[in-house]
Amino acid sequence: MTVTSNAEPARRRRLALLSGERWATPITVLGLVAVVQIASMIAPPYIMPSPLTILETLYGVLTTETLDVVATLVRLLIALACSLVIGTLLGVIMAMVSPVRPYLRALIVIDTGIPAVSWILVAVFWFKNPEHRIFFILLVILVPFYALNILDGIRAMPKDWVEMYESFRPSRWQVFRYLIYPHIVPYILMTTKSVFGYATRMIIFAELIGAAVGAGARMGMAQATFHMDAVLAWTVLLVAFTLVAQYSVELLERRMLKWRPEAELR
Amino acid sequence: MLTDKPIIKIQNVSCKFGDFLAVDDLSFEVRPSEIVALVGKTGAGKSTVLNLVMGSLRPTQGQVQVEGFDPASSSPELRGKIGVSFQNDRLLPWRTAIENVEIGMQILKVPPDKSAQQAADWLGRVKMETARDKYPHELSGGMRQRVSLARALVIDPAILLLDESFSQLDPVTSVELRKDVAALVRSVRKTCLFITHRIEDAIEMADRILVLAPPARIALELALDDQARRNPGSLREQIEKVMQ
Ligand SMILES: Nc1ncnc2c1ncn2[C@@H]1O[C@H](COP(=O)(O)OP(=O)(O)OP(=O)(O)O)[C@@H](O)[C@H]1O
Ligand SMILES: [Mg+2]
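Those protein sequence lines, which keep their order, are chains A and B.
Counted the way my numbering counts, the first sequence spans residues 13 to 278.
Counted the way my numbering counts, the second sequence spans residues 1048 to 1291.
Hints may contain errors.
[What the hints assert, rightly or not] In silico lysine-lysine, DSS-like type, Cα no more than 30 angstroms apart, as pairs:
no.	chain 1	residue 1	chain 2	residue 2
1	B	Lys-1237	B	Lys-1174
2	A	Lys-171	B	Lys-1174
3	A	Lys-270	B	Lys-1161
4	A	Lys-205	B	Lys-1181
Hints are computed from structural coordinates only; laboratory data are not their basis.
With the hints as constraints, model all of the structure from the sequences given.
What follows is the structure in structure tokens.
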């Protein structure tokens, strides 16, 4: 009896938390729409168009500028995937090959100190092909996040597990495949979640300066021709994409980390 | 039955953690099929000795040999030869109970169907068949300890190293688990170096008892035969006296 009465409030609290989480985003979005609606009634359309206008423009963007939308998404996903692989590999190498660790680490930390704008400006000179430019920019910006988080993740692995695993005398490949890899999956997912928004912002920025096709290029054009509705339509699209991506990673996380007791608390 | 060639050989071994001397000039041998108990107060260096034998720790001085090889080197000769049950369970949280039991067999490249079958078999022998598909966080401490015991025994190692941790468990579970472990060790009849906090268990199970005092010095060595076992009270007294 005492046990159930102790467990009940915790359960209820968790349910409340979950329902709060489920409704928080839609409620916030509705609130923002309301604010835009009110602002559009006060300000002229070139400063703040109404939500309906933005929605119409968004429809136009999706139907007539599909190539730009697709280009940005594909660039983003490819760059993210490559950064994930390269960054994770670098992290693993740093953790498993101790002589190179300090040098690689120093290099990566220096990289994180270089402002994104520097990379963008430099990439314009270094690469003619806009695809290469954007890929390069995203890579140098995203790889360090993965590399450093994975390194920290591996170092946080309990020494006990390593001792236990090594008592069976595995090969180095087995240590990686069956001990390190499963242990760093949560770190890879966590890093992906936390860089998504950042990566989206960066690609728009990079496209604004370094490409003729893509969301960033379109937004630059819209701004130059005073099409506030188009700027906002693109913005809405990108935010929606980030939300969907975030949600997808969370679903993946829940599936892949079902062994983790705290995974369901999220 | 016992041949003279030792399977575990520790010669003048010292081990330091920084400035702290944990093992000081320790020497002893274990012959094939011999069951040796290590007893001693907490902090005496029992787990450290086990770490030296399994090779997770290198001696600062002296030599450790298992079947003539240095266990701390990555030599493949000792693959599958040593089974260790640690003081804490060390189950990998992303693996279910049965998958944890299969860790060693996966490393030794036992075919999956054979491995699954043997793991299930050993889960049964440690009375954990119901835990088969549960993750470690869904198991109790005692259940986890049993699974980790199966993980050590399933590879059928020539040498068994057991560091008991049953003291964290409630008395009833702990006694039950100790009994099961004793039965298992006797039934597999392997070379076994085991750490226990229960002097009765050492007397009952071991062919020889080494009483360690810090820093892992042999304070007393007792060879047990059936005659000696007939008077466990006096053995116990002797051991307790040096453990003070
Ligand atoms: N990695 C380490 N670093 C520093 N000191 C250590 C380390 N491992 C063990 N020690 C020290 O060595 C001594 C022996 O430790 P050990 O774990 O072998 O004791 P034990 O006999 O197994 O004790 P218990 O019965 O409590 O398990 C202790 O004083 C401990 O503080
Ligand atoms: Mg110990």
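Results of checking the hints against the structure:
Between Lys-1237 of chain B and Lys-1174 of chain B the alpha-carbon distance is near 21 angstroms, which keeps this suggested pair within the 30 angstroms criterion. Under the criterion of a C-alpha separation no larger than 30 angstroms, the hint pairing Lys-171 of chain A with Lys-1174 of chain B is consistent with the structure, at around 29 angstroms. Proposed proximity of Lys-270 of chain A and Lys-1161 of chain B is supported: the alpha carbons are some 27 angstroms apart, at most 30 angstroms. Restraint check for Lys-205 of chain A and Lys-1181 of chain B: satisfied, since their Cα atoms lie roughly 28 angstroms apart, inside the 30 angstroms limit.
Violated hints are absent here; each numbered hint is respected by the structure.
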